[in-house]
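Trainee: Line by line, the protein sequences are chains A and B.
Letter by letter, the first sequence follows residues 1 to 134 of our numbering.
Letter by letter, the second sequence follows residues 1 to 397 of our numbering.
Honestly, I wouldn't trust all of these hints.
[As the list claims (entries may be wrong)] Here are a few chain A residues that face chain B, going by a calculated C-beta distance under 8 Å:
(1) F32
(2) E41
(3) D45
(4) A46
(5) V48
(6) D51
(7) D53
(8) S76
(9) E77
(10) Y78
(11) E82
[Stated by the list, open to error] Straight-line C-alpha distance at most 25 Å; calculated DSS-like pairs for lysine-lysine:
(12) B:K169 <-> A:K2
(13) A:K81 <-> B:K3
(14) B:K196 <-> B:K39
(15) A:K81 <-> B:K49
(16) B:K146 <-> A:K2
(17) A:K81 <-> B:K97
(18) B:K3 <-> B:K196
(19) B:K39 <-> B:K49
(20) B:K3 <-> B:K76
(21) B:K192 <-> B:K97
(22) B:K306 <-> A:K2
(23) B:K76 <-> B:K169
Derived from the structure by calculation, the hints contain no laboratory data.
Bear in mind that the values here come from a model prediction, so they are computed numbers and not experimental data.
Note that the Cβ used here is the ideal one computed from N, Cα and C, for glycine as well.
What follows is the residue order along each chain.
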Amino acid sequence: MKVVTGVVGNDIHVVANRLIDISLQARGFEVFNLGVNTSLEEFIDAVVETDADILLISSLNGEAEGWCRDLQFLRSEYNLKEVIFVIGGNLAVGEAAQSDIVPKYKSYGFDLVFHQIDLNTGLDEIERFVKERV
Amino acid sequence: MSKLLIDVGSTYFKVCQTSGISQYFRDFKKDIYDDLVTKCGNIFANYQKEDIFICSSANGGLSTLIIGLTNSFSLKFAKNIAFNSGINIIDTILYSKIEESRAPSELVDVVIIVGGIDGIGGVFDEKLFDYLKNVQYSNIVYVGTKQDVSFLSAHIPELKVLGNIITEKLHVNGGELKEYLTNLYQADIVGKEDIKHLYEITANQIYSTPYIVNRSLPLIDANFEVVNPFIVVDIGGATTDIHYSRDLVRDNIVSESGYDRLVFKKLGVFKSRETLIFAAKNNEFVYELLAYLNVTENILEEESEKSLRILMQLSIFLVLYKVSRLHPLYVTLHLELLNTIVLTGGITKVLSYEEVEMIIEFFYKKVMNLHAIPNIVMDSDYAIWTLGMENNENSAS
Ligand code: B12
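Isolated chain A, as found in the complex:
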């Protein structure tokens, strides 16, 4: 399975991004890592060029919300219904409750949302989600 990943917006926190790349590969995914500082359009374009199955965005500095509102629009532009959209990291500025964050990002069009969730827990859940879909 192909996964496009990277860190959205003006976010330069790179450590998690490297870990995600390595962990996904270890789990047998084919990874296209766009690195830090990636715009939403670049993510979508990479999914289109690679015909990826999963888009896994991470955001650490708290700016994700501003960048992700256009997701629905871009998603419909290219007719990407089959692609699984995932976001994780620090999805708010400062303290925020999971119960607020998760529905909000789902309304933007994400299938799975991991606010301050450990990476491996998140990846386990992604694999489960994929299996259920098939």
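Given the coordinates of chain A, assemble chain B with the ligand onto it according to the supplied hints.
Mentor: For chain B with the ligand alone, coordinates are given in the frame of chain A:
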């Protein structure tokens, strides 16, 4: 053994002998060969065919239309490669919007189609063929996913297929396409019937002038007061070329050569005067600029020495503007890092150093918000071209 070097431009011939350089205004009623022989026939008589070297930029510049799958990869990569091969991009089409896109009205020299990494198929479909039915083109090249090659080849006659410019890691691999486009450009210039005729004068390969200039760039600092990074602006009668150090670009695209070039097909002061004026009038700075030069808009319509000077100044401004960050369509050069601007071509024969300085000062102040300007070097005796010709000939033999 002395050599004779000839440059065929769209406006002038330049002829270089050991004794110096002379230039002749072209007679457009004659074809190039007749015109050249009429003007310089007696000079040719003193040289062997082996010692005569010709390059040409007459009617130079190819145009391309790029059709790509996404903005961030297909189109971005192809645009970059095309620019760096000196090709003019007349339009880009995002494949998802192809049904609503209009075909260009003019003849396109080369259509580039690109999309997808190798391994994915079915990127292109009937929509592409429907669109292409309305496009007039001379060449068409495919540089996308391998899986679509046989399908596209079956439907597009004469389709040239090259390696995918998008690698398996979504990076750019421009080598093959760049070589193809550069050759096409070269073939276009030297393959024109007019130019072919010139082999009666020379026994050597005829090259395109931009190629020759590009070859001299690594040697420039030894011959001029030039400090890297620099650009060379060659404003001609029909086209304007800009050659630049790669240090001025931050596009994370790796290139083999330290210098790239861009050609602006319709920014010349004679043959493409109308489009130059059009571009000038549509520029947001033009009125301020004309006021700064102490003239009014009417000057552009005049046929005078003064008007020519103003047009030349405008073309310097427009070229810099087009590579600045205000004009994201073209490659963006970091002009704030620029140390030297070298001007060459016919314009150095007309404009004074002060006139050039004036316009560059205006550009840096208005567009860049900088008071200091780069060092200006005027190559008024075509030394760059001579250097490139001699160097080319040495490395060829
Ligand atoms: C190192 C660091 C920096 C370095 C980054 C160096 C670099 N190039 O990577 C520097 C100093 C440059 C920096 C700058 C800033 N930082 Co900082 N930084 C940190 C710090 C200390 C560690 C980050 C790190 O690398 N952790 C190690 C990795 C492995 O962990 P992680 O990033 O948390 O990722 C894990 C999880 O989040 C998760 N995860 C991540 N993505 C995803 C995706 C999915 C799908 C899943 C399932 C899981 C997942 O998995 C990872 C592994 O478990 C954190 C605080 C902290 N202790 O976490 C702050 C922190 C991330 N930074 C923060 C801020 C605010 C900034 C700045 C805005 C500060 C400023 N005012 O200038 C700038 C922003 C710069 C920018 N443009 O992005 C805040 C973000 C706050 C928020 N979101 O509310 C934090 C949390 C500090 C804080 N408590 O305030 N920072």
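Trainee: Hint by hint, say whether it matches the structure.
Mentor: Comparing the hints with the structure gives:
1. F32: Nearest chain B Cβ about 5 Å off; hint holds.
2. E41: 6 Å, holds
3. D45: Since the shortest Cβ distance to chain B is 4 Å, the answer is holds.
4. A46: 6 Å, holds
5. V48: 5 Å, holds
6. D51: Since the shortest Cβ distance to chain B is 4 Å, the answer is holds.
7. D53: Violated, because the Cβ-Cβ distance from D53 (chain A) to chain B comes to roughly 12 Å (cut-off 8 Å).
8. S76: 11 Å, violated
9. E77: Result: holds, 7 Å to nearest chain B Cβ.
10. Y78: For Y78 (chain A), the interface hint holds, since the closest Cβ of chain B sits about 6 Å away, which is under 8 Å.
11. E82: 14 Å, violated
12. B:K169 <-> A:K2: Holds - the C-alpha atoms of K2 (chain A) and K169 (chain B) are around 12 Å apart, at most 25 Å.
13. A:K81 <-> B:K3: Violated - the C-alpha atoms of K3 (chain B) and K81 (chain A) are around 68 Å apart, more than 25 Å.
14. B:K196 <-> B:K39: Status holds; Cα separation ~18 Å.
15. A:K81 <-> B:K49: 67 Å, violated
16. B:K146 <-> A:K2: With Cα atoms ~18 Å apart, K146 (chain B) and K2 (chain A) stay inside 25 Å; holds.
17. A:K81 <-> B:K97: 18 Å, holds
18. B:K3 <-> B:K196: With Cα atoms ~21 Å apart, K3 (chain B) and K196 (chain B) stay inside 25 Å; holds.
19. B:K39 <-> B:K49: 17 Å, holds
20. B:K3 <-> B:K76: Measuring from Cα to Cα gives roughly 44 Å; hence the hint is violated.
21. B:K192 <-> B:K97: Violated, because 36 Å separates the two Cα atoms, which is more than 25 Å.
22. B:K306 <-> A:K2: Not OK: K306 (chain B) and K2 (chain A) at ~63 Å, beyond 25 Å, violated.
23. B:K76 <-> B:K169: Status holds; Cα separation ~15 Å.
Of the numbered hints listed earlier, those contradicted by the structure are 7, 8, 11, 13, 15, 20, 21 and 22.
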